[in-house]
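Please work from the sequences and hints to get the whole structure.
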Amino acid sequence: MDQLELMGALNQLEKEKGIDKEYMIEAIETALAIAYKKNLALHGADIKVEMNREDGSVRVFKHSAVVDNGLGQEGEYDLDEAKEINPAYEIGDVVVEEIDPKPFSRIAAQTAKQVVLQKIREAESGKMFNEYRKKENSVVTGTVIQIDKKNIILDIGTAKAILPPSEQIEGEEIKVGDKLKLYVAKVNKTNFGADVVVSRTNAGIVGKLFENEVPEIADGTVEIKSIAREPGSRTKIAVYAQNPNVDPVGACVGQKGARVQVVVDALGGEKIDIVRWNEDPMEFIAAALSPAQVLSIEKLPEANAYRVMVPSFQLSLAIGKMGQNARLAAKLTGWKIDIKPEENISLEF
100 MDQLELMGAL NQLEKEKGID KEYMIEAIET ALAIAYKKNL ALHGADIKVE MNREDGSVRV
160 FKHSAVVDNG LGQEGEYDLD EAKEINPAYE IGDVVVEEID PKPFSRIAAQ TAKQVVLQKI
220 REAESGKMFN EYRKKENSVV TGTVIQIDKK NIILDIGTAK AILPPSEQIE GEEIKVGDKL
280 KLYVAKVNKT NFGADVVVSR TNAGIVGKLF ENEVPEIADG TVEIKSIARE PGSRTKIAVY
340 AQNPNVDPVG ACVGQKGARV QVVVDALGGE KIDIVRWNED PMEFIAAALS PAQVLSIEKL
400 PEANAYRVMV PSFQLSLAIG KMGQNARLAA KLTGWKIDIK PEENISLEF
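This note's numbering numbers the first residue of the sequence shown as 100 and each following residue consecutively.
Since the hints were derived computationally from the structure, they do not count as laboratory data. We put the CB at the ideal spot given by N, CA and C, even for glycine. There's no promise every hint is true.
Straight-line alpha carbon distances no greater than 27 Å define the calculated DSSO-like cross-link-like pairs of lysine-lysine that follow [claimed, not checked]: (1) K234 / K212; (2) K280 / K355; (3) K280 / K234.
Taking CB as the label site, the calculated pair distances span [what the hints assert, rightly or not]: (4) Q111 / T242: 31 to 37 Å; (5) R220 / P314: 39 to 45 Å; (6) D177 / G225: 56 to 62 Å; (7) L399 / G270: 35 to 41 Å; (8) R220 / D277: 30 to 36 Å; (9) G256 / A317: 17 to 23 Å.
Laid out in structure tokens, this is it:
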């Protein structure tokens with residue numbers, strides 16, 4: 100690649116990839132200065148390279164400081180030596196000498212090519228990082244390409260993502276070729292672009308899946324107030340609409356359950372309870388314990404605690420398997436819940 104070809108390539112890179120031409124030239128000048136210094140064995144001198152912005156021609160200059168006689172080190176001039184070049188030189192001046200770069204034209208070409216390739220890689224890496232950094236806390240679709248004992252590697256488009264064990268749903272069967280919905284939990288910049296960490300357990304995936312499926316959530320008509328989740332098993336989500344004419348639960352369920360079913364399928368069959376949020380804690384707790392029927396609720400003297408009375412025959416329904424329903428209701432509402440059947444046996448969650 101000759102000098103004119105190099106400038107043409109830089110112009111093309113600026114146009115097609117958005118890599119600033121001046122930035123590239125300055126990087127090439129710096130790299131050439133290092134290469135010339137090494138090959139000229141001028142380890143103590145300061146080498147400056149100037150590249151013509153039009154034709155790519157290069158001028159090389161050696162900058163050497165003028166010091167007191169006997170104190171000169173490699174790359175410096177004693178005062179007497181400097182005055183032989185120009186009697187006007189004084190201590191502290193800098194002797195500037197131009198060096199013919201032609202003997203090192205091959206080295207210069209190789210260096211310039213390496214710099215251009217490196218800057219292209221850096222630009223592509225930066226572009227990839229910026230692309231996926233914008234996708235943090237959103238949902239993407241990934242195809243499983245590799246499974247090892249710990250991590251699952253997925254193709255998510257222009258990058259690969261890692262699904263670590265801590266972000267995998269316990270017991271979920273995943274095989275190579277499967278397509279999964281993934282929550283982008285973290286994006287780290289690397290020399291190769293972006294290290295994208297995704298999740299199947301983060302509660303945020305539920306909210307984003309509903310946002311993708313429910314236009315009323317996407318446009319702000321319906322608001323997700325809170326989510327309580329036990330990944331792979333069950334989720335409770337509380338929704339609210341300021342407009343009394345909008346049914347937030349119905350909007351999320353969809354006609355014949357079509358909208359919520361899409362989310363359930365994306366989460367591998369995880370059960371989802373959609374409840375109406377209410378600023379009244381008693382109303383909210385009653386809704387959160389659905390599908391159990393609540394007879395009465397009273398505030399306890401203890402901070403953040405309510406006692407809930409349910410029909411004795413619905414006690415197991417209110418509590419749920421291994422306490423799951425009551426546990427999720429407490430997490431969803433933010434209140435401690437003491438469930439009491441008609442027989443007066445209390446159970447706390």
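Right, here's what the structure says about each hint:
1. K234 / K212: Violated, because 34 Å separates the two Cα atoms, which is more than 27 Å.
2. K280 / K355: The hint holds at about 23 Å.
3. K280 / K234: Given pair K280, K234 holds - Cα atoms ~13 Å apart, limit 27 Å.
4. Q111 / T242: 31 to 37 Å: holds (33 Å)
5. R220 / P314: 39 to 45 Å: holds (41 Å)
6. D177 / G225: 56 to 62 Å: Cβ of D177 to Cβ of G225: about 47 Å, so the range 56 to 62 Å is violated.
7. L399 / G270: 35 to 41 Å: holds (37 Å)
8. R220 / D277: 30 to 36 Å: holds (31 Å)
9. G256 / A317: 17 to 23 Å: Given about 21 Å between the Cβ atoms, the range holds.
When the structure is compared with the earlier hints, violations turn up for hints 1, 6 and for no others.
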